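Student: Each chain, letter by letter, is given below.
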Amino acid sequence: MLQITDVAREPRLSKALRFRLLRATLYWVGFAPAVWVFYLGFTNQLGANPVRTLEQELGIWTLRFLITTLMVTPLRDLTGISLIRYRRTLGLLTFYYALLHFTTYMLIDYRLDLQAIAADIVKRPYITFGMLAFAILVPLAITSNDRMVRRLRGAWAKLHRWVYLVAAAAAVHYLLVVKSWPMEPLVYFAIVAVLLAYRLGKHLRRRRRRRPAAA
Amino acid sequence: MLISHAPLIRPSEITPRDVYLNRRSLMLGAAAAGLSAAMAPRGAEAAQLEASPSPLSTDEEPTALEHITNYNNYYEFGTGKEDPAKNAHTLTTKPWSVKVDGLVSRPAEFDLEDLLKPVTLEERIYRLRCVEGWSMVIPWVGFPLSEVLNRVEPLGSAKFVAFETVMRPDEMPGLRAFFNVLDWPYVEGLRLDEAMHPLTILTVGLYGETLPNQNGAPIRLVVPWKYGFKSIKSIVRITLTEEQPPTSWSKQNPREYGFYSNVNPEVDHPRWSQATELPIGQGIFAKRKPTLLFNGYADQVAQLYAGMDLTKFY
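Chains as they are written, first to last, in the numbering used here: chain G, 1 to 215; chain P, 1 to 314.
This is chain G alone, in the form it adopts within the complex:
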């Protein structure tokens, strides 16, 4: 009898352990591009304009993690594959990359020239959008733990829907920072647009179902 219970318990334990291990791995893998790009930067292997390359790489990785985070739900809806257990990790990676991107701009590029930075925020739409996106990410990151989920209950989900605004602002931020219309920012913008449109479609369908008379 005892043996059977043990056998029954063991897979459950190892499953939880497996997710914890996978999450930890995801963090390590997720931080690898940042470690790599900083390593290249500090060993002067980032080419002619390492400051800008560093900023751009960190910014693009922020967008990539943000997009991956936003893909979790559609992926589950459309294929049944649920990565929901990793969504928080992906969201937090997004925040950490945004923090590194922001810090690089503040410290390495502008060397805390607060006057120039303040002027940028007020006068430069791409900086305004970038700062807005980062400012919203902060409370989302702070509330990304079990304790806050329990404490905020319904408000938590509402709060975290602001990530849609973050995604839109980040995609526009990238479009505005380049000259003309090169391909990469347009591709990122399109992906974000599709992911947001998916949410909007889902929301509208749900509302119609709930109130058929209104239609």
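Just so you know, these hints were derived from the structure itself, not from any lab. No experiment lies behind these values; they were computed from the predicted model shown. Check the hints yourself; a few may be wrong.
Unchecked claim - Below, a list of computed lysine-lysine pairs in the BS3-like style, where the Cα atoms sit at most 27 Å apart:
#1 P:Lys289 <-> P:Lys251
#2 P:Lys287 <-> G:Lys179
#3 P:Lys81 <-> P:Lys251
#4 P:Lys81 <-> G:Lys179
#5 G:Lys179 <-> P:Lys289
#6 G:Lys179 <-> P:Lys86
#7 P:Lys86 <-> G:Lys123
#8 P:Lys287 <-> G:Lys123
#9 G:Lys179 <-> G:Lys123
#10 P:Lys94 <-> P:Lys81
#11 G:Lys123 <-> P:Lys251
#12 P:Lys312 <-> G:Lys179
#13 G:Lys123 <-> P:Lys312
#14 G:Lys179 <-> P:Lys251
What the hints assert, rightly or not - If you want the footprint, here are the derived chain P segments under chain G, 3+ residues with CB under 8 Å:
#15 189-203
#16 265-274
Quick reminder that beta carbons are idealized off the backbone N, C-alpha and C, glycines included.
Given chain G, work out where chain P should sit, using these hints.
Tutor: Then chain P, alone, in the frame of chain G:
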């Protein structure tokens, strides 16, 4: 003959020594080691050029050749900064001819050799300020544009000079892109007095050798007091006109890029500040420096714009 056999000390021999002795290079010891390791090979066809020094050169330390040849905006070869270095080798630069026409008494189509025969090449070490907020110091080899213009004898009615870059989709991957970043061919323009100014040069080399393709081989314009995009590359046509000619970036976005595009820290690009610039090639701790009016050439060129509202004529 462009090949030098005289025991002349070429700029290419002097500059690396300057770089070597430079304090910053010593401070960034590791950086300097990285540079030489990553030094890109020049094209096999790069030839030495004889050039005399010019009093119009700056005494600032030139940016490393590796950076000048690997950080380029030449959208015909891609929009990435390293795309031109990767892709521009496909451009055929021999033979090359430049058509000079429009409001001139003696229009002509010059073979590059003929164009260069009567001129004395000079080394002009100029600052370059990109509209994107970065800068370099580049030892160009060239000669005043005015020498070519004088040869074709501009008519009294000529007020502007229009320039055109070669357009060869089969040699330029950027022209085959799914989405056109600019309306090709690339065109630029100057007012005739700007074009005749002694600082305005046609350039055929850098660091004492013929231009690498990514830098606008075989012949390009350099106008050091204007943002870099005015200095049109791989020129095939120069036309004198009465009307102000269209220019590529102001066609693409007239609100952001004007015809003049003089470097001016007081007139911001609508989307970013032009007050400071990031010098290229100084590693991750490069310090922004203030941008100067007319890129530091105000003493020589400010009189060209006397009485003009530079915020209106940007």
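Student: Which numbered hints does this structure break?
Tutor: Of the numbered hints given earlier, those the structure breaks are 1, 7 and 15, listed in rising order.
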